[in-house]
Each structure stands twice: as structure tokens, then as C-alpha cells.
Amino acid sequence: MSGSAILLQFLNGLAGASSLFLLAAGLSLIFGVTRIVNFAHGSLYMLGMYLAVWLSESVGFWPSALTAALAVAALGAAIEMSLLRRLYPVPELLQLLATFALVLIARDFALWAWGPEDLLGPRAPGLEDAVEIAGGRFPEYDLFLIVVGPLVLAALHLLLTRTRWGILVRAATQDRDMAGALGVNQKWLFTEVFALGALLAGLGGALSVPREPANLTIDLSVLSDAFVVVVVGGLGSIPGAFLAALLIAEVKAFAIGLGFSKATLVVEFIVMAAVLVLRPWGLLGREAAPLRGPAALEPPLALPSRNVLRALLALAAALALVPLLSRGYALVLLSDVLVFALFAVSLHFITGPGGMLSFGHAAYFGLGAYGAGLLLLRAGAPMEAALVLAPLAAGIGALAFGWFCVRLSGVYLAMLTLAFAQIVWSVAFQWDAFTGGSNGLIGVWPSAWLASRTAYYYLTLGACLAGIAILWRVLYSPFGYALRASRDSPLRAGAIGIDVRAQQWAAFTLAGLAAGIAGALYAFSKGSISPETLSVPRSVDALVMVLLGGIQTLTGPAWGAALFTWLQDSASREFDYWRAVLGAVILALVLALPGGVGGLLGGRSTR
Amino acid sequence: MLEIRRLRAGYGRATVLFDLDLVLNAGEVTVLLGRNGAGKSTTLKSVMGLVQPTSGEIVFEGKRIDSLAPYRIARLGLGYVPEERRIFTDLTVDQNLEVGRRPPRPDVPEWTADRVFSLFPHLAAARSRAAARLSGGEQKMLAISRTLMGNPSVLLLDEPSEGLAPLIVEHMARTIIELKRTGLAVLLCEQNLRFARRVADRAYVIETGQVRYGGTLAGLEADSTLRGGYLSI
Chain A
16 MSGSAILLQF
26 LNGLAGASSL
36 FLLAAGLSLI
46 FGVTRIVNFA
56 HGSLYMLGMY
66 LAVWLSESVG
76 FWPSALTAAL
86 AVAALGAAIE
96 MSLLRRLYPV
106 PELLQLLATF
116 ALVLIARDFA
126 LWAWGPEDLL
136 GPRAPGLEDA
146 VEIAGGRFPE
156 YDLFLIVVGP
166 LVLAALHLLL
176 TRTRWGILVR
186 AATQDRDMAG
196 ALGVNQKWLF
206 TEVFALGALL
216 AGLGGALSVP
226 REPANLTIDL
236 SVLSDAFVVV
246 VVGGLGSIPG
256 AFLAALLIAE
266 VKAFAIGLGF
276 SKATLVVEFI
286 VMAAVLVLRP
296 WGLLGREAAP
306 LRGPAALEPP
316 LALPSRNVLR
326 ALLALAAALA
336 LVPLLSRGYA
346 LVLLSDVLVF
356 ALFAVSLHFI
366 TGPGGMLSFG
376 HAAYFGLGAY
386 GAGLLLLRAG
396 APMEAALVLA
406 PLAAGIGALA
416 FGWFCVRLSG
426 VYLAMLTLAF
436 AQIVWSVAFQ
446 WDAFTGGSNG
456 LIGVWPSAWL
466 ASRTAYYYLT
476 LGACLAGIAI
486 LWRVLYSPFG
496 YALRASRDSP
506 LRAGAIGIDV
516 RAQQWAAFTL
526 AGLAAGIAGA
536 LYAFSKGSIS
546 PETLSVPRSV
556 DALVMVLLGG
566 IQTLTGPAWG
576 AALFTWLQDS
586 ASREFDYWRA
596 VLGAVILALV
606 LALPGGVGGL
616 LGGRSTR
Chain B
5 MLEIRRLRAG
15 YGRATVLFDL
25 DLVLNAGEVT
35 VLLGRNGAGK
45 STTLKSVMGL
55 VQPTSGEIVF
65 EGKRIDSLAP
75 YRIARLGLGY
85 VPEERRIFTD
95 LTVDQNLEVG
105 RRPPRPDVPE
115 WTADRVFSLF
125 PHLAAARSRA
135 AARLSGGEQK
145 MLAISRTLMG
155 NPSVLLLDEP
165 SEGLAPLIVE
175 HMARTIIELK
185 RTGLAVLLCE
195 QNLRFARRVA
205 DRAYVIETGQ
215 VRYGGTLAGL
225 EADSTLRGGY
235 LSI
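In order, the protein sequence lines correspond to chains A and B. According to the working numbering, numbering within the first sequence proceeds without interruption in unit steps and concludes at 622. According to the working numbering, numbering within the second sequence proceeds without interruption in unit steps and concludes at 237.
I should point out that these hints are in silico values taken from the structure, not numbers from a laboratory. All figures in this text were calculated on a predicted structure; none of them were measured in a lab. Glycine residues also receive a C-beta, built at the ideal position from the N, C-alpha and C atoms. You may find that some hints are simply not true.
To be verified - List of simulated lysine to any residue pairs, SDA-like, C-alpha gap at most 25 Å:
{"no.": "1", "chain 1": "A", "residue 1": "LYS202", "chain 2": "B", "residue 2": "LYS184"}
{"no.": "2", "chain 1": "A", "residue 1": "LYS202", "chain 2": "B", "residue 2": "TYR75"}
{"no.": "3", "chain 1": "A", "residue 1": "LYS202", "chain 2": "B", "residue 2": "ASP70"}
{"no.": "4", "chain 1": "A", "residue 1": "LYS202", "chain 2": "B", "residue 2": "TYR15"}
{"no.": "5", "chain 1": "B", "residue 1": "LYS184", "chain 2": "B", "residue 2": "ARG119"}
{"no.": "6", "chain 1": "B", "residue 1": "LYS67", "chain 2": "A", "residue 2": "GLN201"}
{"no.": "7", "chain 1": "B", "residue 1": "LYS67", "chain 2": "A", "residue 2": "ASN200"}
{"no.": "8", "chain 1": "A", "residue 1": "LYS202", "chain 2": "A", "residue 2": "GLU155"}
Stated by the list, open to error - Here are some chain A residues the structure puts well away from chain B; computed CB gaps all over 12 Å:
{"no.": "9", "residue": "ARG50"}
{"no.": "10", "residue": "THR82"}
{"no.": "11", "residue": "ALA93"}
{"no.": "12", "residue": "ARG138"}
{"no.": "13", "residue": "ALA170"}
{"no.": "14", "residue": "ASP190"}
{"no.": "15", "residue": "VAL199"}
{"no.": "16", "residue": "LEU327"}
{"no.": "17", "residue": "LEU404"}
{"no.": "18", "residue": "TRP418"}
{"no.": "19", "residue": "SER467"}
{"no.": "20", "residue": "GLY477"}
{"no.": "21", "residue": "GLY512"}
{"no.": "22", "residue": "PRO552"}
{"no.": "23", "residue": "GLN567"}
{"no.": "24", "residue": "LEU578"}
Said to hold, decoys possible - Covered stretches of chain B, going by a simulated chain A footprint (3 or more residues, C-beta under 8 Å):
{"no.": "25", "stretch": "59-69"}
{"no.": "26", "stretch": "101-113"}
{"no.": "27", "stretch": "208-222"}
Using the sequences and the hints given, assemble the complete structure.
Laid out in C-alpha cells, this is it:
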């Protein structure tokens with residue numbers, strides 16, 4: 016690369032950093048005060064983009080960008096007042112889930128309003144040209160963006176240090192209850208902060224319109240970028256977000272400039288990993304203070320009674336008899352239920368008793384599925400070998416990613432798992448030659464002796480029930496007790512000689528392995544694999560299953576998987592906008608049944 | 005002016021206070037004595053709405069406040085200073101005071117930063133310093149100052165003398181007496197009987213969430229079983 020090319024690439028990175036900073040700063044502010052990780056933040060960005068493109072047709076780009084940002088801010092305030100206010104008392108996982116439901120609804124709304132095609136925006140009037148810099152041409156608009164980032168940083172800094180409102184926000188960020196006891200009305204403060212964060216997201220989206228077209232998948236891709244920025248910069252630190260946005264955007268720009276455009280996410284991951292190893296709380300972050308108030312008292316997971324065990328055995332026997340009654344679609348649906356039950360139970364294993372929030376569990380499901388497909392198609396392995404070896408791929412993935420994840424906790428950990436999953440997804444999505452890219456892999460069929468619906472059903476039944484039984488059994492082993500002790504009090508667990516990180520790492524790996532089994536079974540039952548298999552929505556599906564069933568129950572997640580699979584199956588056949596319907600159902604469930612269906616139905620006997 | 009009737013409160017499934025009754029009169033300093041875990045702090049937190057009572061009533065100036073949000077209780081004129089200080093360490097001394105500032109109340113002389121600094125001259129020199137860099141005693145003073153900025157008519161003080169050097173304890177005692185002189189009613193928790201004797205008009209002894217004694221300090225000291233059994237001083 017020549018000197019001038021390096022300079023241009025550097026400027027390009029600076030321009031990219033601005034949108035990223037606006038997004039991440041909003042996410043950080045909202046989290047700081049409300050303690051809610053707003054999954055819908057990427058959706059607000061996406062809506063800002065669509066609104067700006069749409070409005071620019073009638074009023075021109077600059078007014079449309081401003082209007083779009085303000086409209087998104089108003090939407091943010093409305094969301095906070097109508098939904099989030101009800102969610103502050105519920106556990107943090109449910110809040111995340113509710114904001115994810117908003118992602119589903121927003122995406123279907125954009126699909127309905129603006130269609131599936133990418134929407135190309137106008138150029139910015141007055142800044143359409145390019146200027147000559149060091150012998151190369153650089154767009155004027157990108158120069159404008161380079162200025163926006165530092166301007167917003169300065170404005171936020173003044174707002175937070177020089178105004179009474181900013182001081183109250185910072186006080187509430189540090190100790191909301193104390194601020195309340197001093198007469199600060201948190202209700203309005205939360206709404207205002209959420210509106211400000213939404214404004215920044217909407218503005219970031221609107222301002223990126225001249226650089227890239229509005230599209231439906233940008234919500235999750237910018238969200239995972241923002242997560243990476245926030246994790247690298249340090250949660251709650253605005254200057255940290257700025258620094259990290261610069262770092263990540265520059266790394267991306269240079270990766271593209273050097274011809275690694277397909278590897279940008281991998282490079283991003285390496286940067287993030289390096290930062291987290293050196294500074295686990297991010298560049299400018301501080302160690303998360305332990306939460307105030309009485310420790311979360313989870314009812315201990317008691318051994319299931321004899322009657323429950325008998326009922327479960329009877330259920331297994333009944334499942335084995337199903338093929339005698341029906342060999343039709345019911346078997347297919349039931350196979351799916353079994354696969355997802357194992358997937359959900361493996362997620363529950365780390366999230367419930369393990370206490371590690373994962374928003375990227377589909378990565379291991381997908382690694383299992385892709386592992387099976389690739390072993391079969393690319394390595395020419397027999398199907399049986401592929402099925403047995405594929406989960407190991409997932410286990411190895413979980414071993415590698417888990418090493419980083421167990422160094423963090425709480426929402427940091429959740430963000431990291433999501434970022435890892437997004438990376439695995441992007442590799443599968445972008446590496447056309449090996450993984451088939453967006454088309455995925457086809458022709459992943461089982462061997463002849465397993466090809467019949469009934470035979471494959473028995474294979475699925477046997478493997479999934481065995482997997483679930485093993486995971487449940489492990490929860491009541493000394494390892495399982497040590498894992499729960501590590502969740503309830505890492506300090507005390509450490510003090511009695513438990514290596515907390517080792518327990519969590521082992522649990523993470525085991526759960527990844529189990530998810531891989533589910534993924535491999537899934538691949539052979541469908542005959543094809545697409546990148547959706549390991550996308551973020553798939554991870555969230557698993558979380559919904561776990562929460563539907565009740566996170567502090569033993570068998571709940573399996574019931575949740577059954578209910579969810581059936582719901583999704585019927586909704587996707589009945590409604591065009593089934594994602595929005597699903598989102599609405601999730602919202603309704605979170606608001607109505609924070610304890611989960613399992614907590615409601617079988618809670619007493621299985622706890 | 006503040007009355008607690010048959011208050012029951014606790015954390016989760018653990019009840020700490022069992023039918024506690026207590027009265028704080030206007031312009032009076034009342035002390036809650038008792039061992040660790042007796043329920044002193046929980047009493048103050050319940051008044052402030054930071055702990056939800058399960059039953060009973062808390063009445064302030066004739067108005068029930070037991071189901072109000074903490075910020076509303078604060079705006080009625082109750083000021084709370086927690087035992088752990090809970091100052092905003094990211095903010096400067098001045099900014100901490102700003103968080104506590106509320107509009108003046110007709111019946112209470114208004115607190116300003118300058119008036120607070122005349123009470124605690126130590127803080128005046130540290131106005132623009134980050135609160136994290138104050139000493140423990142200074143942080144305690146800041147916590148009290150911050151609450152005073154809300155112009156309260158009742159001050160709830162949780163263990164004001166705890167962990168302070170003897171000289172600062174003496175300063176704290178004089179400050180409380182001075183605050184009382186301005187018409188402020190004070191309800192404080194203490195384990196230090198000598199400190200309590202120095203500042204308080206009346207005392208309650210709390211044991212396992214119930215009142216064992218309520219009356220003058222002289223009466224308490226005359227009762228040797230109480231002194232030996234509950235205070236072990």
C-alpha cells in the first residue's frame with residue numbers, strides 16, 4: 016500500500032467510526048442508567064435509515080435525516096413508557112428478550128412498509144463531490160462524517176458534565192436507588208435517556224444513508240458491531256465507545272483496503288480478543304460493581320421426585336410408540352421438537368444453573384450442523400462418522416470461545432457470546448467456496464438404513480433423550496453443584512477451592528458439544544443447511560424456549576422447546592409476518608408470565 | 005411528625021421487622037439502638053421507601069407514605085443518609101451536592117452549597133475534587149451535605165459515627181446538635197452509646213425487629229438488664 020492509499024484508508028475508517036460511535040454511545044448511555052441492554056438498538060438505527068430514505072423523497076436529505084432522528088427518538092420514548100417501564104422489576108434476561116421481540120417486530124414492520132429490496136438513499140446535497148487528498152479522491156460527505164463523531168462526543172461530554180440533567184444521569188448510572196432517595200424521579204430520567212439513546216441511533220442510521228443502502232439485515236449486523244465497540248471500549252464509558260469505534264472502524268477499513276474484505280469480522284474478533292485479554296473490562300471501562308441489594312436468591316434445583324422420574328420415563332416410552340400411530344408430518348415436527356429440546360436444555364445448562372447468559376448459542380448448533388455437512392460433502396466421510404464427529408467441531412468452537420467468555424460475566428458475557436456467534440455466522444455466510452455462502456449446503460442426507468422417517472425419528476429420539484438425560488444428570492453431580500455454587504457466589508466458591516472459571520469453561524464446552532449434537536441431527540433431518548441455522552435469531556429462539564419453560568426449573572426448557580417449535584411451525588404457516596407475531600407473543604409472555612410456562616405448570620414438582 | 009405503626013418489612017422471604025412502633029417528634033433527635041442485624045437500618049430504609057413494608061403504616065405529617073416511591077418521600081421532606089455513604093464517586097463534591105439539591109420549602113430555611121460548607125469546612129477545600137478521592141470521614145460529611153441540599157425537615161441518619169476517627173466523631177456530634185437547633189428532626193441509628201447519649205433526646209432499643217425499650221436515655225441507662233442484654237456496653 017502506498018502512503019496516500021494508507022491515508023485514504025485511514026480517513027475512510029474515521030468516517031465509518033462516526034456512525035458506529037453514535038450507535039454505541041446510545042447503547043452505553045441507555046445501559047448505564049436503565050441497566051437494560053437494548054437489543055432493539057440496531058433496529059432503531061435501521062428505522063432511522065429507512066425513514067431518512069423515505070422522507071428524503073419529499074423533503075430532501077438534510078431535513079429528512081433530522082426528522083428521521085427525531086422520529087426515532089419519539090419512538091424510543093414511546094417504547095420506554097409503554098413497555099420498558101413495566102420491565103424494570105423483571106429479571107434482566109427477560110428484559111433482553113423483550114427488546115429482542117422488538118427487533119422481530121421492527122424488521123417485519125420495515126418489510127411491510129418498504130419491501131424486501133435494499134433501498135438506495137440520495138446523496139447529501141452540497142456534499143456530492145469528492146475532494147483531492149494526497150493524489151486520491153475522497154468523498155466530501157465522508158469528510159463531514161469524520162467531523163460529526165468528535166462533535167457528538169464533545170456535545171455529550173458537555174451535556175453530561177455541565178448540565179444538571181447530565182449530572183443526574185451520571186448519578187443514576189452509578190446508584191439509581193440513592194438518586195431516587197435524594198428526590199430524583201427516575202421514571203422520567205429513564206425515558207429521557209432512552210429517547211436520547213434512540214436519537215443517537217436514529218441519527219447514526221440516517222447519516223449512513225448516503226454511504227450504504229437501507230436493508231433489512233442491518234439491524235443485527237450493526238448491533239453486533241455496537242456490542243463489540245461497547246465491550247472493547249468499556250460498558251458505560253462514552254469516551255471509551257469513541258476510542259473503540261475508531262479502533263474497530265480503522266481495523267475494518269484496513270482489512271478491506273488490504274483485500275481481506277471477507278475477513279473483516281474475523282479481524283474484528285482478533286482485535287476484540289486481544290483487548291479483552293489485556294483489559295477484561297474494555298479500554299476505558301471499570302470492573303462491573305456487584306449488584307446492590309440482596310443477592311438473587313434462586314430456589315435450589317431439587318432432585319426430581321420419583322413420580323416425576325416415572326412420568327418422564329413414561330413420556331419417553333410414549334414417544335417411542337408414536338411411529339406406530341403416525342408416520343406423517345407429526346414425526347417430522349416431533350423430530351424438530353426433540354432436536355430443539357436438546358438445544359434448549361444445553362442452553363439452559365449454562366444459563367440457568369451455570370449463570371452464564373448466552374446470546375450466541377446457535378453458533379454451536381450451527382457448528383454441529385455445518386460440521387456434519389462439511390464432513391459429508393467436503394471430506395467424503397460416511398454419514399455415521401460425520402454425525403459422531405460433527406459435535407466435536409461444536410465442542411472445539413465452544414472450548415475456544417468459552418475461554419474468552421468465562422473471563423466476563425453478566426451482560427458483558429452475553430454481548431461477547433453474541434459477537435462470537437455473529438462471527439461464526441459471517442464466516443459461514445461469506446465463505447462461498449467452502450460453506451456455500453448464503454445458499455448453504457444441500458444434499459446432506461443420512462445413510463440408506465437411516466433414511467426412512469421412522470428410522471431417523473428413532474435415531475433422533477435416542478440421541479436427544481440421551482443427551483438431555485446426561486445434561487440433567489450432570490447437574491446433580493459434584494461438578495453440577497460446584498457450577499451452581501460458582502453462579503451463586505463466585506467469591507465464596509473460590510474461597511472453598513472451586514476453580515470458578517474452570518467449572519464455567521467446562522460447562523460452556525459441554526453445552527456447546529450438546530448443541531452440536533442437536534445441530535448435526537437437525538442437518539441430516541433437513542438434508543440442507545443454511546446460514547440461518549447459526550444466526551442470532553436462532554440463538555434467541557433457544558433463549559425463548561428456555562424462558563418459556565422457566566429458567567429455574569429442570570424440565571421447563573424441554574417443554575418450552577416443544578411449545579415454541581409448535582408455535583413457530585403454526586405461525587409461519589398461518590401468517591406472512593410471523594416474526595412480528597412471534598415478537599408480540601414473546602412480549603405478551605414476558606409481561607404476563609415472568610416465571611415461564613414451566614414455572615406455572617410443573618414448577619412445584621420439578622423444582 | 006413521623007409515626008411508624010405495626011411495621012413489618014424485610015428482604016424477599018426474610019422478615020426483619022416485626023410489628024415495630026416508633027414515633028419521632030418535631031425538632032427532636034431520636035436514636036435507634038441495637039446490635040448488628042436488629043433491624044435499625046431496615047427501619048430507616050422502610051421509611052424512605054427503599055424497602056417495601058409488607059404491612060403496617062408509616063405516617064409523615066398526617067399523610068401515609070408507606071406505598072410511595074422513594075423520590076416522592078424525599079420530596080415531602082425526608083432526607084436519608086445511608087450507612088455506606090453511597091456518594092457518587094464519579095462526580096465532584098459540587099456535583100454530588102447538585103444531585104441532592106431540591107427547590108426550597110416554605111417551612112425550612114434553604115440550604116445552599118455555602119451554608120453546607122460552613123457546617124463542614126473540610127469539604128469547601130475539595131469542591132471540585134472527585135468524590136472518590138475524599139477520605140472516609142469526608143465522604144460521610146458529603147453524604148450528609150448532599151441530603152441537606154434537599155431541604156429536609158426530617159433527617160434519617162444511619163450510623164453517623166461508624167468508622168470515624170474520635171475527633172471527627174466529636175465534630176459529627178456537634179453538627180447533629182447544630183442541625184437540631186435549626187429545627188430539623190433527626191432519627192439516627194447508632195451502636196455507639198456514648199455518641200447517642202451526647203446527641204439524642206430519646207432512644208429506642210430494637211432487638212430482632214421489635215422495640216424493647218422506648219423512652220429517655222436516662223431511663224435506658226437506669227435499666228441494667230437492657231444495657232447488659234441488648235447493648236452489651
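Checklist entry - Which hint numbers doesn't this structure obey? => result Going through the list in order, the structure violates hints 1, 8, 14, 15, 25 and 27 and respects the others.
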